[in-house]
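Numbering (this note's numbering), first residue to last: 1 to 158.
Hint data in this document are derived by calculation from the structure and do not stem from the laboratory.
Every residue gets a Cβ at the ideal spot worked out from N, C-alpha and C, and that includes glycine.
Don't take each hint at face value.
To be verified - Each pair of labels, with its calculated beta carbon distance range:
hint, residue 1, residue 2, range
1, LEU39, ILE103, 20 to 28 Å
2, SER109, ALA38, 32 to 40 Å
3, GLY58, PRO31, 38 to 46 Å
4, ILE68, ALA38, 17 to 25 Å
5, ALA35, VAL107, 28 to 36 Å
6, THR114, LEU32, 33 to 41 Å
7, ARG30, SER111, 40 to 48 Å
8, THR114, PRO31, 35 to 43 Å
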Amino acid sequence: MEPTHATIESHPDILQMRERHTWAEQAATRPLAQAVEALCLITGLYLAASPWIAGFNGMMTLAVTNLIVGIAYALLTGGFGHAYERTHGMAWAAVLLGAWTIIAPWVVSGSVATTRTIISNVVAGAVAVVLALVACSYATKAARGGGGGQGPAPRTGR
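Using the sequences and the accompanying hints, generate a full structural model.
So, in structure tokens, the structure goes:
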């Protein structure tokens, strides 16, 4: 008896999979998507370095928080161009990182809520949230099958 090997061409959802892959490839090469990815990376790097740029590196709790969150944001959003469809589904996590950045000066331990830390974190956090929401909108379009609003393709029989 010969073993049977299923091929991708026999997959029941092959047309839908190809359509989503094609859309993801096209979306990743759009100038807006590339600009969002670049701005997200710059925002994450700024956030990581902000204690030394804005001059509050003596406040260790906030400095370490910003360093960790900035690196996490840059790594998470840096994947958008490399694995577009998979990483944009996680863009909501970048929204949470941006929101955390905004409230961090008031919730981390120590007396770190100064004008300098608040302005730096609120501005960087707001930019991070807006960019992540734009990335989330692309993820929503991909989940709908490429933004056409047509929904998933019907399944064919096996």
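Inset, instruction - Of all the hints given earlier, name the ones this structure violates by number, lowest first. - result: When the structure is compared with the hints, none of them turns out to be violated.
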